[in-house]
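Chain by chain, the residues:
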Amino acid sequence: MILSSIKKIDIRATLIYWMFAVIFLLFALLLHDDGFLQSNNLLNIFRQTATITVMAVAMTFVISAAEIDLSIGGVAGLASVVGAIMLRDHGLIQGILGGLAIGFVVGSLNGLLVAYVGIPSFLVTLGMQGVAIGFAALVTNYYPIPILNDTFNAIFGSGTIGWFPGLLLWSFTAVLIGWIMLTKTTFGRRVLATGGNRDAAEFNGINTKNVKFKVMLISSVVASIAGLLYAGRLQTGRYEWGAGDELSAIAAVILGGTSLFGGSGRIIGTFFGALLVGLINNGLILAGLPVSQQQIVRGLIIILAVALAKKK
Amino acid sequence: MSSNFNIVEMIDISKSFFGVKVLDSVSFGVTSGEIHALAGENGAGKSTLMKILQGVYTLDSGEIQIAGEKVSIHSFQDARKYGIGMVFQEFSLVPELSVAQNIFLDREHKNKLRFFDEKETIRKSKLVMEDLGLDIDVTAKVSTLGRAFQQLTEIAKAIAGDAKILILDEPTASLAKEEVDALFKVLKQLTARGVSIVYISHRMDEIYRICDRITILRDGKKIVVSLLSEISPKEIIAHITGRKDVEMLTHEGKSIARSSTPIFEASGIQVGNRVNNVTFKLYPGEILGLAGLMGSGRTELVRAIFGLDKKDGGALKIDGKDVVIKNPREAIAHGFALIPEDRRRQGLVMEHSVKQNILATNLSSLSHLNFLSFSKINRVVRDSITDFEVRPPEANREVRLLSGGNQQKVVIAKWMATNPKIVLMDEPTVGVDIGTKVEIMKLVRAIAAEGKSVILISSELPELLGVCDRILVIRKGKIAEELDRKDVKDEDHLQMIVQGIKV
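Line order of the protein sequences matches chains U and Z.
Be aware that the first sequence starts at 0, since it is given in numbering that gives the first Met the number 0, and climbs by one per residue.
Be aware that the second sequence starts at 0, since it is given in numbering that gives the first Met the number 0, and climbs by one per residue.
Hints may be right or wrong, so weigh each one.
Straight-line Cα separation of at most 27 angstroms, DSS-like style, residue types lysine-lysine; simulated pairs [stated by the list, open to error]:
1) LYS309(Z) <-> LYS325(Z)
2) LYS140(Z) <-> LYS176(Z)
3) LYS485(Z) <-> LYS233(Z)
4) LYS176(Z) <-> LYS213(U)
5) LYS213(U) <-> LYS309(Z)
6) LYS320(Z) <-> LYS375(Z)
7) LYS233(Z) <-> LYS441(Z)
8) LYS309(Z) <-> LYS208(U)
9) LYS325(Z) <-> LYS441(Z)
10) LYS441(Z) <-> LYS475(Z)
11) LYS208(U) <-> LYS441(Z)
12) LYS183(U) <-> LYS309(Z)
13) LYS320(Z) <-> LYS280(Z)
14) LYS475(Z) <-> LYS253(Z)
15) LYS176(Z) <-> LYS475(Z)
Honestly, the hints are just simulated from the structure, not real lab data.
Just so we're clear, the structure is a prediction, and the values are computed from it rather than from any experiment.
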């Protein structure tokens, strides 16, 4: 019994890479004629996945600390809208800072309520999701806010460094910083210890409230960056940007081998988890499925994959 | 023993994990109506053997017979079908349900409309309790009961499920003396009705008190089966440890300079009504024992000192200077370390490696500008593992795979790496095998020999007598007696004082 569970954990550690390879090959064969393997399409997958990747890296910390953040999609939407309005009315720097401020405010609120008031993060962030989306719709009256600032659009969206797409750089940077923070810093260890056994962490002198506050804050701030990335790539701020991304981000984290129960985290796994989610989205679009069918197939694939990656 | 008929017969049981033989042709038999002690160090194979009987693990080879019939047990359900009941160490009761509802959980009585028939459930539960000679209100919520009554409820649940064979794993670990008496009375009553009991315990006095026979395992092999009337405690210990000369804990008199400034002073500590105006001093290199019954307030006292619980009054001094400790971080900064009572829940992250656990208390000393320094970490972890003889000596092994004794060594090691001045230990040897107990007590001595001071809570009086320089007896949250070690004659003497009987 122990033997089989150990084997299971080993499989879990590498499962994401196998799934990624299998689905990639499958699409390469089935969708070859639809241009799946063209370098342009492959780069597109990376570009479209950038927002999910960035949010999923932060979500890895949240889940490792045995919490959850369902508000990130809403925060991204609100940040895109506020960023776009500030940009239009006040300028580039104000636009960026305005977007980030949304992350700071919502993240502080989430953190305060979860860590210090003690409300389950699932409830706090579910409520906050509605608040954020509602606010974004309210201030724009449901209209998209176009962004005409080329510098902004280049930094957060279509810009390239040589041939290298800027969005990819955002992804890689997030993954690198996340990986260093989780594996090389004291903060990473505190997050894992808190998520693994909060009582023991508290006995060890770890300020677990502070840890929980910080992961919630980081998650929201990163979600606001993702909102700016949406705004830059699509050259508009809109309340709908990021809608439903919390599910994709959570799926990416769990697919990547992070335990849903806290105490373990894998950033590289998360990266591939996010790519897999993007891959599936892309494949389904190329296959020409209507949106309704895409949603069904995507939902089922994610459930299946998470079931496979589930901790025994 | 009512007969020589073996109700359970486990024959030549072998089991390996990762190619390591955990059980090597072990045979184990229990006759009907006997209480059979199963003894051995942690890792000797006791729990694996019992888990095979309960269907948690499947045997590699060998045979199980119940009442003479060969059976195969693959699940709890199978085990239950054959009348095997387990009284779990971590209780399997639902706290928010009543005693009666727990007893018939998953076997609820239903009325004609297929709704739960609460009245019938309560009536049947009362019968079960009466049968066991227990006076427990079956309508009370389990969460409102004390540990002992929860345990008795657990037993009642197994009996109501028609268990013929009960397995009890360290059932008295957290019970007070009178609670133990109540438990033993019930066990005796059960054997009179032909129920057989496998009794796993590290406590020699209990084994002699209620068991008929003993089977001793060591390193996955059966060493001996004997009637307890035919074996001496010394022989049992020798069989368990496999060492010929058993080191008993003997006190080494040493003198503590009590004229110097105390390293630590507590005055008038108050925590609700659990800790009442406690005042004491602790000197450098001193080992101060806290003796008392379960619930006397010892744990609450050290928790309050360490800043885990709020103090309602009192003052602390370190090296003669006033200090305020509001949380564990401040306690650690002032040089405290706490080895907590429940290492699984409070001491360790069970799914994390030895290395990660040792790291957890030492993050700031093992990092530079918040970045972990892996060369330092590896050195400290390696040293800890060698110094504290953690076995197996593998830094990356998950601690849940270590034996209880080795888990405790990891907890001690990670605190010692913080280089504390004052070490608080709360029942450091609970659930630890005899060999490791002695090792841990030697560690306590070694810590004091370095000039550090220790406050040691233990319910095992021989341990207190073996290492302490001074013993405070705590009763109802107050210091009832302060005893110099040399004024305590022996264990019986200390026991009388702890129990509050005039000597």
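A quick look at each hint next to the structure:
1. The hinted pair formed by LYS309(Z) and LYS325(Z) meets the criterion: a straight-line CA distance of about 7 angstroms does not exceed 27 angstroms.
2. Distance restraint check for LYS140(Z) and LYS176(Z): the Cα-Cα separation of roughly 24 angstroms lies within the 27 angstroms cut-off, and the hinted pair is therefore satisfied.
3. Under the criterion of a C-alpha separation no larger than 27 angstroms, the hint pairing LYS485(Z) with LYS233(Z) is consistent with the structure, at around 26 angstroms.
4. A C-alpha spacing of about 47 angstroms is found between LYS176(Z) and LYS213(U), which places the hinted pair above 27 angstroms, so the restraint is violated.
5. Restraint check: the Cα-Cα separation between LYS213(U) and LYS309(Z) comes to about 25 angstroms, which is no more than 27 angstroms; the hinted pair holds.
6. Simply put, LYS320(Z) and LYS375(Z) have alpha-carbon atoms about 33 angstroms apart, too far for the 27 angstroms limit, and the pair is violated.
7. Our distance criterion of 27 angstroms between C-alpha atoms is met by LYS233(Z) and LYS441(Z), whose separation comes to about 20 angstroms.
8. Only pairs whose Cα atoms come within 27 angstroms are accepted, and LYS309(Z) paired with LYS208(U) is accepted, the gap being roughly 17 angstroms.
9. Only pairs whose Cα atoms come within 27 angstroms are accepted, and LYS325(Z) paired with LYS441(Z) is rejected, the gap being roughly 32 angstroms.
10. Of the supplied pair hints, the one linking LYS441(Z) and LYS475(Z) is violated, its CA atoms being roughly 30 angstroms apart against a limit of 27 angstroms.
11. Taking the CA atoms of LYS208(U) and LYS441(Z), the gap is about 37 angstroms. The hint is violated against a cut of 27 angstroms.
12. A C-alpha spacing of about 34 angstroms is found between LYS183(U) and LYS309(Z), which places the hinted pair above 27 angstroms, so the restraint is violated.
13. In summary, the hint linking LYS320(Z) to LYS280(Z) is supported, as the alpha carbons are separated by about 13 angstroms, within the 27 angstroms threshold.
14. In summary, the hint linking LYS475(Z) to LYS253(Z) is not supported, as the alpha carbons are separated by about 30 angstroms, beyond the 27 angstroms threshold.
15. Under the criterion of a C-alpha separation no larger than 27 angstroms, the hint pairing LYS176(Z) with LYS475(Z) is consistent with the structure, at around 15 angstroms.
Hint check: violations occur at hints 4, 6, 9, 10, 11, 12 and 14; the rest are consistent with the structure.
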